[in-house]
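With chain A's structure known, arrange chain B with the ligands on it following the hints.
Which chain is which? The protein sequence lines are A and B, in order.
When we follow our numbering, the leftmost residue of the first sequence carries the number 1, and every step to the right adds one.
When we follow our numbering, the leftmost residue of the second sequence carries the number 1001, and every step to the right adds one.
Worth flagging that the hints you see were computed from the coordinates, not collected in a lab.
Note that CB positions come from ideal geometry on N, CA and C, so glycine has one too.
Check the hints yourself; a few may be wrong.
Think about it this way: if two alpha-carbon atoms lie no more than 27 Å apart in a straight line, the pair counts; the simulated BS3-like pairs of lysine-lysine are [what the hints assert, rightly or not]: (1) A/K798 - B/K1026; (2) A/K341 - B/K1044; (3) A/K152 - A/K164; (4) B/K1036 - A/K800; (5) A/K623 - B/K1037; (6) A/K239 - A/K280; (7) A/K798 - B/K1037; (8) A/K798 - B/K1036; (9) A/K152 - A/K239; (10) A/K340 - B/K1044; (11) A/K303 - A/K239; (12) B/K1026 - A/K800.
Label pairs and their in silico Cβ distance ranges [to be verified]: (13) B/S1021 - A/E769: 46 to 56 Å; (14) B/D1006 - A/E847: 36 to 46 Å; (15) B/P1060 - A/E515: 28 to 38 Å; (16) B/D1006 - A/E243: 52 to 62 Å; (17) B/K1037 - A/Q246: 49 to 59 Å; (18) B/K1037 - A/T30: 56 to 66 Å.
Residues per chain, in single letters:
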Amino acid sequence: MSLIEEIDYGTPRSKSETMVTLTIDGNEVTVPEGTSIMRAAMDAGHQIPKLCATDMVDAFGSCRLCVVEIEGRAGTPASCTTPVMNGLVVHTQSERLKKLRKGVMELYISDHPLDCLTCGANGDCELQDMAGAVGLRDVRYGYEGENHVFAKSHGEINAAWMPKDESNPYFTYDPSKCIVCSRCVRACEEVQGTFALTISGRGFDSRVSPGMSESFLGSECVSCGACVQACPTATLTEKSVIEIGQPEHSVVTTCAYCGVGCTFKAEMRGEEVVRMVPYKDGKANRGHSCVKGRFAWGYTNHKERILNPMIRERIEDPWREVSWDEAFSFAAARMRGIQKKYGRDAIGGITSSRCTNEETYLVQKLIRAGFGNNNVDTCARVCHSPTGYGLSVTFGTSAGTQDFDSVENTDVAMIIGANPASAHPVFASRLKKRLRQGAKLIVVDPRRTEMVESPHVKALHLPLLPGTNVAVVTALAHVIVTEGLVNEAFVRERCDWSEFEEWAAFVAQPKHSPEATAILTGVDPQTLREAARVYATGGNGAIYYGLGVTEHSQGSTTVIAIANLAMATGNIGRPGVGVNPLRGQNNVQGSCDMGSFPHELPGYRHIAGDAVREQFEAMWDVKLNPEPGLRIPNMFDAAIEGTFMGLYVQGEDILQSDPNTKHVVAALSAMECVIVHDLFLNETANYAHVFLPGSSFLEKDGTFTNAERRIQRVRKVMSPKNGMADWEVTIALAKAMGFEMNYRHPSEIMDEIAALTPTFAGVSYAKLEELGSVQWPCNEKAPEGTPVMHIDGFVRGKGKFIVTEYVATDERTGPRFPLLLTTGRILSQYNVGAQTRRTENVVWHAEDRLEIHPHDAELRGVRDGDWVRLQSRAGETTLRAEITDRVSPGVVYTTFHHPDTQANVITTDYSDWATNCPEYKVTAVQISPSNGPSDWQKSYDEQARHSRRIAPAEAAE
Amino acid sequence: MSSPADRLVYMANQIGTFFRSQGHDKAVPGIADHIKKFWDPRMKRAIFAHLDAGGTGLEPNVLEALTSLRQTTSLPAAH
Ligand code: SF4
Ligand code: SF4
Ligand code: SF4
Ligand code: FES
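Just chain A, with the same shape it has in the complex (with noise of 0.2 Å):
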């Protein structure tokens, strides 16, 4: 192993297909259009110096030193601003171009510290390595005069030196190393799309300023991290690497965090990791990251981490210490006794969207073959099983469409419920390069997010009630067929003719025009109307959508709607296109995929199904259950009934992320036995039994599914912390319980996997290190997998219209609680926090706060920052006040991040009525101001922490 040093261009790569051929050092050279000499040179092998240019971003021109000299042209024209033309001849070196790059290195080094040993970039500093390059050795100028590098000259306060910026708590800012290239401007523009850098002044006076002349952490910065990359001096650099100097070998891998899954090269000194690197060869993130996989790993060696397993008989008592085989038999002793003592459908467990495919795969296979029964479920419940349901009704699949450089053929973006800025962040960059260059933005939201206000984006945005998705989208529907903007070619041949005339007939019903529904929807019907024409006929229309449209009691009749849509208009088939969700987690797709369904074999084929059941039941040499289980919601229902007893948790919080905490709270509590399989003493682990310590995605092999389907490798850098990684925890489990498993690495248990599932056939280890990643289906039909889908047909053969009925949720306003409560999530938090909250990410968002809109606020006396009391029928909680028009009148909204906050005492157990995906977008609310924490917080707080008390170690004997 070896450090993974990835070429820098110089310039971006030219998508043109005109092919261009120029002669480089008497090399002929042949690229595409568009290219830049010093590109077409790199090609060729012969490295320009540089220094102001950089693969990542466009060129700008401005330091001089990549100049050559063109035969027949006068002068020595930069070679990066300059294209490529048929014919051209050039020379890279020659007297002339060595004294001009001299020259100019000479002035840089005049104005520059001259610390390169212990500096934090040595090994790693472009300017040193031009230096080299250029043969500097000696420089004229010195230090008397006017500098940057100096706090004092001549005894005298030096007005042009800057100090050191370390406000972002991963990266430092030294103004005194910088050479103002305006790379890392132009990395926060154009990769980023924030916009947070400028150089301010001119000529000497120019500097980076973050903002405003505000510190980096002070000012608009997200903290993505990619000015950091771009930069060539020690200017801008991740702290951890001044903290552990240069990595000598890296590992590429994937981000842990959410639906996007970044490459990543981990960059590492021995078992430690120096830093994390976006990798450019990411298919998803093409070299771009966000604050969370690029920083915040720090709680994978968080000291709250659990390192040994621990057993206790009641939740009362304090937790203890044991070896591996005690927690183990343990464990099996008791969810055995459960089964014997309530029946073998009593036990069940929850797969994790965190842990790999091949965890995931083994969680599943242990309760439908060991256990006896298919009480398994996931998270993803919680989230996405409206999608998988809608999608495979209406086009025969429940996945994403699209990959996501689809994006760049996007010419209307579509994103309803869902907020990529914060959630997604790197496709939401990508999204938003292409909405600069002119594609146009329709956002569906409560609430102005932050797609809504980004910089030089215009969009159109339908500022809905909660709870009325249905409405909308339908209204959507009922524009496009009574305006006649139906792409009648393309629904006669890929759709069912008489099912679309049905659904076109319900749909141009006057009941669902804009104008009608806006009563219920608050959204303005011209705005709905232009919205509507604009998709239909703006050019390449995109759905994208979160969890703002599943997390409804309507939330898959919204998922059919979508889908509808999308058929009615011909958006579905080539790349632009598409109904795409947008996964919460890093492995959502992953862990629908692999049968975490309690009526799912892996690959979505019903477990009632005779074939299918038999292929598994002779791979596994057991007989399966062909009745489904039961969904989380159900399996609380149950425990609190007294029927399911028993329940082993992967890598999930299920007591904060669910709805309802206090039934979730009667639930855990009703059970004889909980085990928990996590990184943390996790609030779920209040009411568990046994813990098993986790390992972090750092310490094991295996594979992420992401929101495009596509299947990436997760590589094992550092050796578990616990002793032992995931998939081995729940083999050795399964072994205490009567049930073997043989696997000796996570690629036999991918081989089985393709071997019993026909979309996943053509996938392997080896496959994925050949091809980086591949999207399934990846089969013999499509042996490098499918980056767009139903391309020639829907995979259900013709796609299928199903009227949607907006059917208003229960969960309804009234005197008592007269505001809409809704949640949402935060860019540098993940989930419930779990991590994100063990690592400086809290410096962005310390605590959950309710937005309220003035109007509101001050009809209840409220303050910006006060705490407030926020009620709904299901509990109380108290957290503070944000006053922002952000939400609409009537309209409340918090994140979900923090435990104390406990969000979801508030939400009910309203669910979405094909799936029991929970209610977690609207609940009913009342506001009013308060002095502090409820006595809920309390008392949770108080059985939390006395929970949580693990006894001292005895003395060994």
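Below, chain B with the ligands without anything else, positioned relative to chain A:
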């Protein structure tokens, strides 16, 4: 909190509501199929028991769907 039977009735009716706009002839088999595919045996047993006790609260389409589903379902014993 509502009783277990109430919750199942509520869930069954919610399914019924989705299918309502497809008309009786599609709705009844649609509801039956959905419950067959997604409910675990103890839930099915409980709703069938509720059906035997008169099926209070179930919407007509749902009642009909459950009646036909019971005729074609054989569930394993509870233990
Ligand atoms: S970290 Fe990202 S957002 Fe912040 S200044 Fe750098 S590029 Fe811009
Ligand atoms: S901070 Fe780095 S990238 Fe930005 S202008 Fe200075 S040297 Fe260039
Ligand atoms: S959290 Fe998501 S967007 Fe951020 S680096 Fe990880 S995969 Fe990429
Ligand atoms: S690299 Fe071309 S001008 Fe700086």
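Given hint B/K1037 paired with A/K623 - CA-CA distance at most 27 Å: 19 Å, holds
Whether the CB-CB distance between B/P1060 and A/E515 falls inside 28 to 38 Å: 33 Å, holds
C-beta pair B/D1006, A/E243: status relative to the range 52 to 62 Å that was hinted: Holds, since B/D1006 and A/E243 (Cβ atoms, about 59 Å apart) stay within the stated range.
Given hint A/K800 paired with B/K1036 - CA-CA distance at most 27 Å: Holds, because 21 Å separates the two Cα atoms, which is no more than 27 Å.
Range agreement (Cβ of A/E769 with Cβ of B/S1021, hint 46 to 56 Å): Holds, at about 51 Å.
27 Å limit on alpha-carbon distance, applied to hinted pair A/K341 and B/K1044: 22 Å, holds
Satisfaction of hint between B/K1044 and A/K340, Cα-Cα up to 27 Å: Given that 27 Å is the threshold and the Cα spacing comes to 22 Å, the pair holds.
Outcome for the supplied range 36 to 46 Å, where the beta carbon pair is B/D1006 and A/E847: 37 Å, holds
27 Å Cα cutoff - pair A/K152, A/K239: With Cα atoms ~26 Å apart, A/K152 and A/K239 stay inside 27 Å; holds.
Hinted pair A/K303 and A/K239, Cα distance within 27 Å: 20 Å, holds
B/K1037 versus A/T30 beta-carbon gap, inside 56 to 66 Å or not: 57 Å, holds
Satisfaction of hint between A/K280 and A/K239, Cα-Cα up to 27 Å: Holds. A/K239 to A/K280 sits at ~22 Å (cutoff 27 Å).
The structure shown violates none of the earlier numbered hints.
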